[in-house]
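S.K.: Place chain E on chain G using the hints.
What follows is the residue order along each chain.
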Amino acid sequence: MLQEHAKIVDFIATADGITGRKKLQKMIFILKKMGVPFQEKYEFHIYGPYSEELTARIEELCDMGFLSEELEDKGSYVRYKYNVTQEGKDFRGTLKESVIDNPAIAAKLNEKSSRFLELTSTLLYFDHLERTEQIEKLHVVKAKLHFTAEEIEEAFGFIDELSQMKKLP
Amino acid sequence: MSYATQKLAEEKVFKDPVHRYIHVRDQVIWDLVNSREFQRLRRIKQLGTSYLVFHGAEHSRFSHSLGVYEIVRRISDDIFHGRPEWDEDERLVVLCAALLHDLGHGPFSHSFEKVFHVDHEEFTREILLGDTEVNQILLKVGEEFPKKVAEVIAKTYANKQVVSLISSQIDADRMDYLQRDAYYTGVSYGHFDMERILRVMRPVEDQVVIKSSGMHAVEDYIMSRYQMYWQVYFHPVARSAEVILRKILQRAKELSENGYKFKQPPTHFMAFFDRSFTLKDYLALDEGVLMTYFQLWMTERDPILSDLSDRFVNRRLFQYVDFDPGKDYRKLGELAQLFREAGIDPEYYLIDDSTSDLPYDFYRPGEEEERLPIHLLMPSGEIKELSRQSQIVDAISGKRRTDYKLYFPAELLIDGKKKASKQKILELLRKGGV
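In order, the protein sequence lines correspond to chains G and E. Going by the working numbering, the first sequence opens with residue 1, and the numbers climb by one from there. Going by the working numbering, the second sequence opens with residue 170, and the numbers climb by one from there.
This is chain G alone, in the form it adopts within the complex:
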C-alpha cells in the first residue's frame, strides 16, 4: 500500500532533494526508461515527456507531510524545490528495498541541467526509432531549443553511461 508514493520519496531522498518540477519529471521518466519500476504514466507534452500522475503524486506527498516544497518566485514563473522531511524518511522505510539499485545514478541525474534532461528524455521518448530518425524528431518537436550536434552526442553518451551504471550493483 502506498508503495508508488514511497518509491518517489525514496528517489528524492537518494538524490538528496531536487530543484525544479520539470527536472523531477524528466528524471523519473529517464529512470523509468532505464527499467526502474515507477508506475507513473507519461505522455508527450510541448516540453517533452510529462506525467500528470507524477504531478498529482508529488502534491499528495507534500500534503501528507513526507515532502517539503519551497518555492522561489522568478518573476514570470516560480521554481519549486523538494526535500524529504523526517516523516518522509520514516515513511521511506515501508519500502522493502530502495527503488534505485545504484545511488550514483540519482546524483548523476541531479547534476545535469533541466535543458539537458529535457533533451535526454525527449531522445529516450523516441527510442523506438533509428538514431537518425530520433534526432530528426527531436529537431521537429524541439525546434526552438536549437540543440547542437555536440549536445545531442553528449546526451546519447549520457544514456549509455546511465545504462552501464544501472547494471552495476
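If you're looking for bench data, these hints aren't it; they were derived computationally from the structure. Some hints here could point you the wrong way.
[What the hints assert, rightly or not] Subject to a maximum C-alpha distance of 30 Å in a straight line, what follows is the list of computed DSSO-like cross-link-like pairs (lysine-lysine):
1) Lys-137/G to Lys-166/G
2) Lys-74/G to Lys-166/G
3) Lys-500/E to Lys-41/G
4) Lys-283/E to Lys-449/E
5) Lys-142/G to Lys-33/G
6) Lys-500/E to Lys-586/E
7) Lys-553/E to Lys-324/E
8) Lys-89/G to Lys-142/G
9) Lys-142/G to Lys-74/G
10) Lys-89/G to Lys-500/E
11) Lys-89/G to Lys-283/E
12) Lys-422/E to Lys-32/G
13) Lys-309/E to Lys-176/E
14) Lys-329/E to Lys-41/G
15) Lys-324/E to Lys-137/G
16) Lys-283/E to Lys-41/G
17) Lys-553/E to Lys-81/G
18) Lys-449/E to Lys-32/G
19) Lys-137/G to Lys-316/E
20) Lys-283/E to Lys-324/E
21) Lys-108/G to Lys-166/G
22) Lys-74/G to Lys-553/E
23) Lys-496/E to Lys-96/G
24) Lys-89/G to Lys-496/E
25) Lys-316/E to Lys-33/G
26) Lys-33/G to Lys-144/G
27) Lys-324/E to Lys-380/E
28) Lys-144/G to Lys-329/E
29) Lys-329/E to Lys-142/G
30) Lys-316/E to Lys-32/G
31) Lys-112/G to Lys-324/E
32) Lys-449/E to Lys-33/G
33) Lys-81/G to Lys-422/E
34) Lys-553/E to Lys-142/G
35) Lys-553/E to Lys-329/E
36) Lys-137/G to Lys-108/G
37) Lys-324/E to Lys-74/G
It should be emphasised that the depicted structure is a prediction, and the values quoted were computed from it without experimental measurement.
M.R.: Chain E in isolation, oriented as in the chain G frame:
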C-alpha cells in the same frame, strides 16, 4: 477531385444533445465514422463505472469523439479560417485527429490499463498505422497521412497549433467531455460559455491563445472543470466500483498465472494474461464482452473472483472511509494483518485509493516550461499566463486539494465469524483509527 478534398453529395448531420447538430461534409470523415474501429467506440462508455452512481452516464466514446470533431470543425472552418497565422492545409489532419483521438481506448480503459500494463495511446497509434480499416481510409489521402494523424494525437506533430486544439489545457477534448458528462450525469456543473471561448481563440505563433476579453468565459470553464472533478470524476462511490473492477481483473490474471482451471475458459483474456496480445485481440474486447465474463465468473469456484464479480454486476460496492496517510500509514499494515486474521485477503478487500490514481487533472500553471499553460492575448499584443491575470483561477489553481480513501467490504466485517479480529478492524476504521 482528390479523396482528401472530396465532399459528400449532401451534408450528413448527427443529432447531438450537446452541440445540437454535428456536421459532416468530407468523404474522409464519413468513411472513418463508418469504419469498424470507430464503430467499436459505441461499445465503450465514456465514463467507465460512473453509470453505477449517475444512472444516465451511459454515453459512449463514440458520441464524445464526434463532439470533439464538431468543435474542431467549427474552430477550423469558422474561427481560424482565413487567418494568416493558421495553415489551411492542416484542416483535414486536425479534423481526423479530433475524430480519432480516443480510438485506442479499451473497455473500462483505466482499470484495464493498470492491470495489464497496456497504454491506450499506443493502441491508438497501432490502429492508425496497422492493418485496419481506419488505416486504409487514411492511406487513401496520402502515404504519410496516417503517420501525421498519429503524430498529432501523440502530441509530437511539428505544428503546435494543431496539437493544441486536440490536447492542451483548453482543448476541444475537454470542452466536449465536460459538457457531455454534465448532460448525461444530470449534474448542474460542467456548463460554460463555449461559444464565447471559441470566438476568442486565436492562433498565434506556435500555440492557440485566448483574447483577454474572453477571460471570464475561461474562468467559467476552469470552474466547471474543477467542480466536475470533485462532483463526478472523483466521486467516491464510482471509485469503489472502479476498485472492484480492477481487483476482478487482477484476480482473474493471478488465477490464470497459477494454473487455475476456469469453468468457462477466459478466451478473450488469455493473450493479456500471458502478454502475447495483438491488436486484433485488443479490438475484440469491449464492455459487453467484459460484462459477459463478469456474469460467468459469478459462478466460479474461486470465492474471491465470484464474490468480486457479483459485487460489480449487482452493485454491492465497497464502503469507504477517509484516511490521512501522513498520519496513519503505519496503521495500514496493522489493518492488513487483522484482515488476514479475520480470513479476508487484504490484497483484494482492503484498498487505498487517492486522486493521483485517477485519470483527471486540474488546471495548474506549473513551472517555466513544465507544460503549456493557458495564455491570454492582451490588447497590447503581450501574452500572459491565465492565473497571473485572473484572481479566480489563481485561487483554485494555487490550492492543493487531495483526497484519500480506504475501501473495504463492510458487511464481511459484521458477520459472526472471527469476531475478535473484525471487532478490532471496525474499531480502527470507525473510531478515528484511520
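S.K.: Could you tell me which of the hints above the structure violates, numbers in ascending order?
M.R.: 2, 8 and 33
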